[in-house]
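Whole structure, please, built from the sequences with the hints as guidance.
Number of protein chains: 2
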Amino acid sequence: MQALRVEKNKATVRDVEMPERGPEAIVRVLLSGICNTDIEITRGYAGFTGTIGHEFVGIVEDAPEGKLVGQRVVGEINAGCGECELCRTGDPRHCPKRTVLGIVGRDGAHAEFLRLPLMNLLPVPERIADEHAVFTEPLAAACGIMERTPITTDKNVAVIGDGKLGLLCAQALALTGAPVLLIGKHPENLRIAERRGIETATAKNAVGRKREFDVVVEASGSASAFNTAVSLLRPRGVLVLKSTFHGTTEINAATIVVDEISIVGSRCGRLAPALDLLKKGAIDVDSLISEEYPLRDGAMALERAARKGILKVFLRP
Amino acid sequence: MQALRVEKNKATVRDVEMPERGPEAIVRVLLSGICNTDIEITRGYAGFTGTIGHEFVGIVEDAPEGKLVGQRVVGEINAGCGECELCRTGDPRHCPKRTVLGIVGRDGAHAEFLRLPLMNLLPVPERIADEHAVFTEPLAAACGIMERTPITTDKNVAVIGDGKLGLLCAQALALTGAPVLLIGKHPENLRIAERRGIETATAKNAVGRKREFDVVVEASGSASAFNTAVSLLRPRGVLVLKSTFHGTTEINAATIVVDEISIVGSRCGRLAPALDLLKKGAIDVDSLISEEYPLRDGAMALERAARKGILKVFLRP
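Chains as they are written, first to last, in our numbering: chain A, 7 to 323; chain B, 7 to 323.
Hints may be right or wrong, so weigh each one.
Same chains, same names: a pair is fine if it fits in one copy or spans any two.
Once the Cα atoms are required to be at most 25 Å apart in a straight line, the calculated BS3-like pairs of lysine-lysine come out as [said to hold, decoys possible]:
#1 Lys103 <-> Lys161
#2 Lys216 <-> Lys161
#3 Lys103 <-> Lys216
#4 Lys210 <-> Lys161
#5 Lys210 <-> Lys314
Read the hints as simulated data drawn from the structure, not as lab findings. Bear in mind that the values here come from a model prediction, so they are computed numbers and not experimental data.
What follows is the structure, given as structure tokens:
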């Protein structure tokens with residue numbers, strides 16, 4: 007089968023072996039989405055070699071005891087050991103022995119078929135189109151912010167980054183009723199948020215709002231956004247880091263101590279609530295779809311997805 | 007009067023004008039303590055010019071309406087505007103217009119006399135010796151950790167740094183009943199914690215305890231301790247930053263996102279609970295006293311305080 011592989015920091019579509027039938031489910035991928043993490047992996051992030059991709063919707067082709075076979079599913083990307091305390095309580099996201107679809111020790115979703123434990127799969131309600139269902143994983147990640155810091159209506163929230171992740175975060179946060187400001191640099195992307203009633207600003211215009219925000223979400227993937235984010239926070243404010251990227255960031259630790267700021271990392275969320283939001287049509291994902299390519303053009307699609315202003319790029323096997 | 011002044015990154019004891027009588031209280035300093043922040047100010051931290059020092063015990067010489075005159079006091083170092091929302095709720099610590107004793111816009115405590123608003127002063131119970139009362143401010147800062155992140159008996163806590171701040175933090179945290187490990191490099195300092203039943207380790211020995219801790223407190227004032235601290239944290243753990251120092255720290259933001267770590271700045275605490283702990287004799291501060299000098303030898307005392315392994319150095323006017 008075809009798969010988009012990263013080997014030695016180079017992405018190419020190659021013919022690889024089909025995943026073998028075994029204790030895990032086999033899913034035929036209908037559609038996959040390119041995440042910035044995929045692009046960062048080609049730059050060395052996570053040191054991963056193999057098939058990339060972790061946003062998908064597909065049909066279960068094979069599974070233990072025939073469960074879910076024939077059903078359309080999305081999947082939790084962290085596959086735990088099943089034995090540690092975290093896994094036993096149903097949350098493999100921080101299992102120390104976990105593999106992660108297309109990121110750590112497990113081939114991913116930019117392929118004709120993928121493998122995941124049966125328990126990682128969630129059936130997709132019929133009324134959700136493939137093009138929406140594929141947003142379940144990144145939308146869950148956006149909703150995961152609320153697992154890490156409480157967002158209440160009295161909190162002033164800013165999101166930095168008008169890419170696909172920032173637009174999902176801003177929309178998910180706005181559903182709490184808290185006032186949200188999206189800071190970005192692409193007028194056409196900012197308009198997507200504005201149509202949902204979200205206030206927007208350019209970084210230049212946001213400068214005048216220093217020390218106004220209780221929570222700032224960094225979703226731009228740019229190391230330089232860190233200091234902007236800190237400057238927008240009021241004392242004892244919370245900076246949520248959403249983007250994973252390769253490399254280091256220089257911080258002024260004294261500012262964090264003096265203003266008693268909290269910096270909170272946020273990665274994966276829960277799929278079920280995200281799927282529910284998509285079913286309700288509560289999030290505009292249609293406007294986030296930029297381009298679609300056949301899987302065989304995966305390497306080129308990755309390059310397209312890395313361009314400024316481009317939002318979600320799909321691959322169709 | 008004599009005062010230890012920092013001007014152009016150089017500390018010298020000079021003769022300066024006495025503080026004038028006015029709307030604030032005037033305190034005759036009995037004893038002041040040298041904090042690492044004083045040393046960092048001589049290296050450019052906070053860009054402060056003036057009399058340094060913010061840990062003191064003294065006698066009120068003059069005050070509006072004669073209040074507290076003749077009483078022995080310690081003082082909250084943040085002097086707010088008195089008008090903003092924070093000040094009105096009795097917490098000037100983050101007032102945007104605040105001055106800070108010996109750190110921001112206000113001459114400090116390494117002097118014969120200092121000035122502070124009357125409301126910043128707390129009478130010291132008779133049974134607390136001067137040499138203990140002078141620890142009120144740094145002990146309050148140690149207790150301030152609990153304002154920033156909950157410490158419960160089921161939390162595994164590590165403190166990095168066996169200097170005076172680390173030893174106060176470890177003791178204050180241990181009073182919660184949570185297991186505390188103090189990581190340091192000076193056997194004689196580690197023994198102070200051991201005598202209070204606190205487990206200790208060298209950094210080398212702590213390496214084997216990666217990902218074991220729910221809360222790690224960085225109190226060593228060393229930028230390189232940051233990565234050690236992160237490595238000791240379990241996923242979703244909390245790193246508390248206590249030290250203010252001049253310069254920047256390089257962090258790997260992806261680790262913070264992937265392990266969903268929180269980094270929490272902590273600065274000043276409340277004086278009253280700290281004074282209460284000192285009254286109860288709940289904290290061993292005697293062992294933290296290294297040396298005492300007359301105020302006129304302040305510049306030399308600062309150099310002594312900066313030496314490795316030296317704990318609290320007092321100045322007596």
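A quick look at each hint next to the structure:
1. Lys103 <-> Lys161: between (37 Å within a copy, 22 Å between copies)
2. Lys216 <-> Lys161: within (15 Å within a copy, 35 Å between copies)
3. Lys103 <-> Lys216: between (42 Å within a copy, 15 Å between copies)
4. Lys210 <-> Lys161: within (22 Å within a copy, 43 Å between copies)
5. Lys210 <-> Lys314: This pair counts as within: shortest intra-copy Cα distance 18 Å, inter-copy 45 Å.
Consistency note: the structure conflicts with none of the earlier hints.
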